[in-house]
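There are 2 protein chains.
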Amino acid sequence: MEKKVKMELRVLRLDHRPGRDKRVSSHAALVARAFGASGMIYTGVKDTSLEDSVNKVVKQWGGDFFIRHASSSWKRVISEHKQEGFTILHLTMYGMPFRDVVGKLIKESCPKILIIVGGSKVPSGVYDACDHNVSVTNQPHSEIAALAVLLEHLGPGIEKVEAGFDNASRKIIPAERGKNVVQRSIRA
Amino acid sequence: MEKKVKMELRVLRLDHRPGRDKRVSSHAALVARAFGASGMIYTGVKDTSLEDSVNKVVKQWGGDFFIRHASSSWKRVISEHKQEGFTILHLTMYGMPFRDVVGKLIKESCPKILIIVGGSKVPSGVYDACDHNVSVTNQPHSEIAALAVLLEHLGPGIEKVEAGFDNASRKIIPAERGKNVVQRSIRA
Numbered sequence: 000m001e002k003k004v005k006m007e008l009r010v011l012r013l014d015h016r017p018g019r020d021k022r023v024s025s026h027a028a029l030v031a032r033a034f035g036a037s038g039m040i041y042t043g044v045k046d047t048s049l050e051d052s053v054n055k056v057v058k059q060w061g062g063d064f065f066i067r068h069a070s071s072s073w074k075r076v077i078s079e080h081k082q083e084g085f086t087i088l089h090l091t092m093y094g095m096p097f098r099d100v101v102g103k104l105i106k107e108s109c110p111k112i113l114i115i116v117g118g119s120k121v122p123s124g125v126y127d128a129c130d131h132n133v134s135v136t137n138q139p140h141s142e143i144a145a146l147a148v149l150l151e152h153l154g155p156g157i158e159k160v161e162a163g164f165d166n167a168s169r170k171i172i173p174a175e176r177g178k179n180v181v182q183r184s185i186r187a
Numbered sequence: 000m001e002k003k004v005k006m007e008l009r010v011l012r013l014d015h016r017p018g019r020d021k022r023v024s025s026h027a028a029l030v031a032r033a034f035g036a037s038g039m040i041y042t043g044v045k046d047t048s049l050e051d052s053v054n055k056v057v058k059q060w061g062g063d064f065f066i067r068h069a070s071s072s073w074k075r076v077i078s079e080h081k082q083e084g085f086t087i088l089h090l091t092m093y094g095m096p097f098r099d100v101v102g103k104l105i106k107e108s109c110p111k112i113l114i115i116v117g118g119s120k121v122p123s124g125v126y127d128a129c130d131h132n133v134s135v136t137n138q139p140h141s142e143i144a145a146l147a148v149l150l151e152h153l154g155p156g157i158e159k160v161e162a163g164f165d166n167a168s169r170k171i172i173p174a175e176r177g178k179n180v181v182q183r184s185i186r187a
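Chains as they are written, first to last, in numbering that gives the first Met the number 0: chain A, 0 to 187; chain B, 0 to 187.
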């Protein structure tokens with residue numbers, strides 16, 4: 000097993016279109032949170048309904064995950080992250096096998112990673128602007144599945160992430176049958 | 000690492016609604032295929048557009064994955080699969096940690112598994128009719144991400160699955176930059 004170092008992981012979701020993309024963008028954010036990213040930035044159209052639903056989950060289920068609309072272009076978001084020391088990964092079915100890239104980043108103790116998740120049409124410039132184009136198989140499937148698998152390998156592990164949500168007001172007790180949810184009031 | 004045995008994996012997607020669920024059901028099927036399931040059965044409304052899009056992927060990208068609408072109820076689908084020797088898993092954020100259940104099934108050399116992926120509202124009877132309610136963390140995220148992670152642990156591994164798609168007419172050559180797709184004609 001590769002040695003895991005503490006990394007800051009962020010997701011950049013490209014070209015969000017309210018309505019059509021609500022569910023996919025919302026799932027991207029929730030997967031990002033549950034699998035250990037610190038936040039998601041998105042380009043495209045600002046969508047307060049998307050932000051509200053993600054922020055509501057964070058408030059109830061814990062952690063300090065952020066979601067933020069970028070009023071600037073993806074180019075600007077990438078270059079700002081590069082300046083801050085982030086390595087830029089672009090998740091694409093055309094990219095190189097993720098295991099090789101992940102192994103390399105972990106070996107190099109890469110401290111900060113921005114993962115780009117495409118939208119409807121990914122501008123060709125994204126393939127050149129990133130440091131690595133990575134694939135979770137070269138098969139057509141789902142950007143959400145690919146993000147989950149990539150984060151599961153880059154991050155500290157989903158069980159560890161979940162254990163860190165200690166400021167949650169809502170918590171599930173795993174059950175063989177049915178639903179067991181506990182609600183607690185927490186100090187502001 | 001757990002020993003992997005050859006299993007038949009199928010997915011049952013509940014309560015598909017054309018329009019609203021097209022993207023999620025289609026992604027569930029494509030993840031099922033890419034992560035090693037043999038097919039997906041779905042209840043709800045029959046959707047030839049969903050079936051066509053999945054079948055088109057199979058034709059181009061290889062394998063023999065099937066998608067099939069169940070005209071009967073989920074109860075019937077489950078009981079028929081039980082009769083055929085399938086163990087029934089229900090993926091739910093309320094369930095028991097998947098790693099424990101997966102470890103048990105692999106240890107028991109469980110030969111056939113049906114994984115239920117919920118729809119808009121999961122009838123409470125599903126929790127009782129299945130053999131195991133399993134969760135990929137007890138956090139709200141995405142049924143597609145959960146399915147991918149579960150299949151990655153139950154199946155032979157996505158690289159091995161992909162290597163088996165040898166009857167594909169379309170294939171991606173992984174690239175550091177851009178897209179490299181090869182198209183070949185195959186004998187019918």
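Just to be clear, a hint being listed does not mean it is correct.
A pair holds if it fits inside one copy or across any two, identical chains being indistinguishable in the list.
What the hints assert, rightly or not - DSS-like mimics (lysine-lysine), calculated; alpha carbons at most 25 Å apart, straight line:
(1) Lys-159 / Lys-103
(2) Lys-21 / Lys-120
(3) Lys-120 / Lys-178
(4) Lys-170 / Lys-120
(5) Lys-21 / Lys-5
(6) Lys-178 / Lys-5
(7) Lys-106 / Lys-81
(8) Lys-103 / Lys-21
(9) Lys-74 / Lys-55
(10) Lys-178 / Lys-159
(11) Lys-58 / Lys-103
(12) Lys-120 / Lys-55
(13) Lys-58 / Lys-159
(14) Lys-45 / Lys-170
For the record, the hints were derived by calculation from the structure and aren't laboratory data.
Each hint tested on the structure:
no.	hint	result
1	Lys-159 / Lys-103	both (22 Å within a copy, 22 Å between copies)
2	Lys-21 / Lys-120	both (16 Å within a copy, 19 Å between copies)
3	Lys-120 / Lys-178	between (40 Å within a copy, 13 Å between copies)
4	Lys-170 / Lys-120	between (38 Å within a copy, 20 Å between copies)
5	Lys-21 / Lys-5	neither (31 Å within a copy, 38 Å between copies)
6	Lys-178 / Lys-5	neither (33 Å within a copy, 32 Å between copies)
7	Lys-106 / Lys-81	within (20 Å within a copy, 46 Å between copies)
8	Lys-103 / Lys-21	neither (34 Å within a copy, 37 Å between copies)
9	Lys-74 / Lys-55	neither (29 Å within a copy, 34 Å between copies)
10	Lys-178 / Lys-159	within (22 Å within a copy, 36 Å between copies)
11	Lys-58 / Lys-103	neither (35 Å within a copy, 35 Å between copies)
12	Lys-120 / Lys-55	between (29 Å within a copy, 20 Å between copies)
13	Lys-58 / Lys-159	within (19 Å within a copy, 40 Å between copies)
14	Lys-45 / Lys-170	neither (30 Å within a copy, 36 Å between copies)
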